[in-house]
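K.L.:
Sequences are here, hints too, so could you generate the full structure?
Protein chains in written order, with our numbering: chain A, 3 to 517; chain B, 65 to 311.
One should not assume that every hint holds.
[To be verified] Among the chain A residues that face chain B by a calculated CB cut under 7 Å, a handful are:
#, residue
1, Lys131
2, Ile132
3, Arg161
[To be verified] Ranges of calculated distance between the beta carbons of each label pair, as one might list FRET restraints:
#, chain 1, residue 1, chain 2, residue 2, range
4, B, Leu283, A, Ser201, 55 to 61 Å
5, A, Leu143, B, Ile296, 46 to 52 Å
6, B, Lys119, A, Asp129, 33 to 39 Å
7, B, Glu93, A, Gln25, 31 to 37 Å
8, A, Phe176, B, Lys130, 31 to 37 Å
[Said to hold, decoys possible] Taking beta-carbon pairs under 8 Å as the criterion, some of the chain B residues facing chain A (in silico):
#, residue
9, Val114
10, Lys137
11, Asp182
Calculated directly from the structure, the hints in this document are not laboratory data.
Ideal placement from N, C-alpha and C gives every residue a C-beta, glycine not left out.
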Amino acid sequence: MKKNSHFVVPDSIAAADLIEKIQLHFKTAVASTETYKGCYYDTFDWRLSRCGLSLYWQQGGLCLFEINESEEIASMPCSANKQPDVLKSMAAGPLRERLAPVIDMRTLLPLANPHIIKQQIHVLNRDMKIIVRLHLKTFHLNQKSADPFLTTLHVEPLRGYQKEAKKCIDLALFLGLTPSDKSSISTSIHTAFGHKPCSYSTKLDHLTLTAKQTASTAALSIFQSQLAVMKQNEHGILADIDTEFLHDFRVALRRTRAGLSEIKGIFSEDVTKRFKTDLKRLGTMTNRLRDLDVYLLMKDYYKSLLPDQLQPELEHLFKLLEKERAREQRKVQKAINSSSYRDVISAWEDFLTTFQLKKDAHGPNAQRPIKKLAKTFILKTWKKVELMGRAISKKSPDEKLHDLRLQCKKLRYLLEFFASLFPEAEMRYLVKQLKKLQENLGDFNDLCVQQETLHEYLEIQVKVNSSPINIAAAIGGLIANLNRKQQEVRAVFDTTFKQFDQPKNRDLFQTLFNK
Amino acid sequence: MKTIAVYSIKGGVGKTATSVNLSYLAAREGFSSLICDLDPQGSASYYFRVRADKKFNQKKLLKGGKTIDKNIKATDFQNLDILPSDLSYRHLDVSLGGYKKAKKKLKDILTPLQDEYDYVFLDCPPNITLISENVFRAADSILVPCIPTTLSIRTLGQLIKFFKMKDLSLKKITAFFSMVESRKRMHQDNIIKIHDNKKITCFLESKIPYLAEVEKMGLTREPVAHTSPKSIASMAYESLWKEAKKK
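P.N.:
Here's what the structure looks like:
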């Protein structure tokens, strides 16, 4: 039906000149001029931009637009001083429904606050009827900056007057305006405020290694990319913006530690040992906080496992967890602000930048070509996974699955580190196969840990606090349900592993990684 | 979608002013609204400064579907569209007669618009003809402006009689006093007589006074509720809309 058109006005044409030029061709009236402070949102990892969405506040409400589509998808009235920075505080409605699955547990951050001057111009016919609405906006970095960093024109066609709108669009093109869409406009705005949409990623996709580069340069670029992720997430952990800052920090840390132990012989043994110990400490200090985050994120899921009448009893458990989380958060904050943390990070950073000069810190593999080494590492780890997995029977103790899970993690990191050295499609396929196995093992492990935690909680409630019987019933019910799920997960391990260990995959590992 | 017809057998009772202002008020409240100008005189279209495309005529209207869709136009107001009238509508009656289900034709034409609009207002031509019968069947509510004069009230009686004869639902009919002149003794007496008569229940409380502001709509070419939202006329239409939308 309606099709809107957006244009970027070149810097050489000032807004006032543009209006004059339009008036030469059409009868117009400037209907209104408004100035306001806009606000453009996204999550720290650019979830909206990645999905081609743009969310912003302008006078009167929040609007959500889709990439290349100029039609608004959803909007919500909301006053200037009540811009909801968290999805949680957003009222139910189509906007929330559309945003929630995209943003998930992340927080919306107000990233750019341009000062906007908006003029509405009506194009009129002989009856002085409005036939097209033009919206001319100039974006300024702040109220004081006279020159806009961006000027846009939006031609809003009205029903039944498409031909007239087409004439306005033709004129815009004739005057040298650049057709654009909402999303690229929001990208320009983010850029003006010093952000680079979609620049942040924890994935190793952007890492490109070459077959002949030395193992040390390859390892350094892997470590440096992960160190950068850790540093980028520090502020979010300190400000407790959402749970994913810590999560990303920990993933990067884990990758670094896995790299230290699995990309063998790059650094001297002393150095490797030293950083392994130091970095492990950083991981340990955040373990409990992450566990608590996971429990709290699963609140609704836990509730769904219980019958309606027992659900309220869980509130007490979650209140305790929230309290503990607040304490843990303070601990982690303190730790990140401490000099010992700073020392570890800067020592690691210095080491990575000066490594090439310090010959005594080099390990035996440092100068070897990376591809050959990568093949050896991957093949070895894969063989271990294969042997461990095949040894697991229905009667094997839980620990065996736990060990296999850790081994799979190592293999996964190696595949990701060195993905760029091997054919893309094959690597993606193998990671996908491994991921399925990891999911099964991960679920199994999570269910084990959760039951243990609930047992501990139950003990305290019954023995120490002699809590009402309903709480015990709720926790008991939860444990029983989790246990049943654990059995289900365990039951499909066999087929999941066989799927991973199928001849096709074995052959692929051999062809790719056997010298 | 709720279809409200503004109808009267008698002409010059304020039908168009009513449908223009009520549709504007509905749109202002955020309801997606459409006003169908069924009167060949095209007064509603004139008030909204909209002309039908040259190719549009009564035959196109009767085609319905996409043809109608193409001829709906945006007014100058958010949420409010109009299907403008054409002089050829004067032949609508004759053309309708040629259809098999002649009495239900308008209802069928409007059905596809159901998802798009919350309210459809029908600005009807005066008279009682085949097109009127179409309106009675298509509308959920029939709003009848009535000047407090003997003749005007008499036509309301004729309408009721017609409904009974055709076995149409009398519940659809809602009347209100229009162009009320407080200085005229007869107007006052007639209003009291109607309101005191317990048998007559179809009249709303709200009354639209006879006001120059409403007549000025011919010059401003805008709903009075938009030109002077604080005026007596605007208030009167607001109160009428409040009551009418509940019917």
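K.L.:
Next item in the hint list is lysine 137 of chain B. Is there a CB on chain A closer than 8 Å to its CB?
P.N.:
Holds. Min distance 3 Å.
K.L.:
Should the interface hint for isoleucine 132 of chain A be scored as holding, given a Cβ-Cβ cut-off of 7 Å against chain B?
P.N.:
Hint on isoleucine 132 of chain A: holds, closest Cβ of chain B at ~5 Å, below 7 Å.
K.L.:
Taking the beta carbons of leucine 283 of chain B and serine 201 of chain A, is their distance inside 55 to 61 Å?
P.N.:
The hint (55 to 61 Å, Cβ to Cβ) holds, given that leucine 283 of chain B and serine 201 of chain A are roughly 59 Å apart.
K.L.:
For lysine 119 of chain B and aspartate 129 of chain A, compare the CB-CB distance with the range 33 to 39 Å and indicate the outcome.
P.N.:
violated (19 Å)
K.L.:
Would you say the C-beta atoms of leucine 143 of chain A and isoleucine 296 of chain B sit inside 46 to 52 Å of each other?
P.N.:
49 Å Cβ-Cβ, so the 46 to 52 Å window holds.
K.L.:
Was the hint right that lysine 131 of chain A lines chain B, CB cutoff 7 Å?
P.N.:
holds (4 Å)
K.L.:
With chain B as the partner, please determine if arginine 161 of chain A meets the hint condition of a C-beta pair closer than 7 Å.
P.N.:
Status holds, d = 4 Å.
K.L.:
Any CB of chain A closer than 8 Å to the CB of valine 114 of chain B?
P.N.:
Because about 6 Å separates valine 114 of chain B from the closest Cβ in chain A, which is inside the 8 Å limit, the hint holds.
K.L.:
If you take the shortest Cβ to Cβ gap from aspartate 182 of chain B to chain A, is it below 8 Å?
P.N.:
violated (16 Å)
K.L.:
Determine whether the Cβ-Cβ distance between phenylalanine 176 of chain A and lysine 130 of chain B falls within the hinted range of 31 to 37 Å.
P.N.:
Roughly 32 Å apart at Cβ, these two residues keep to the hinted range, so it holds.
K.L.:
Given the range 31 to 37 Å, decide if the beta-carbon distance of glutamate 93 of chain B to glutamine 25 of chain A lies inside it.
P.N.:
holds (35 Å)
Violated hints, in rising order: 6, 11; the structure is consistent with all others.
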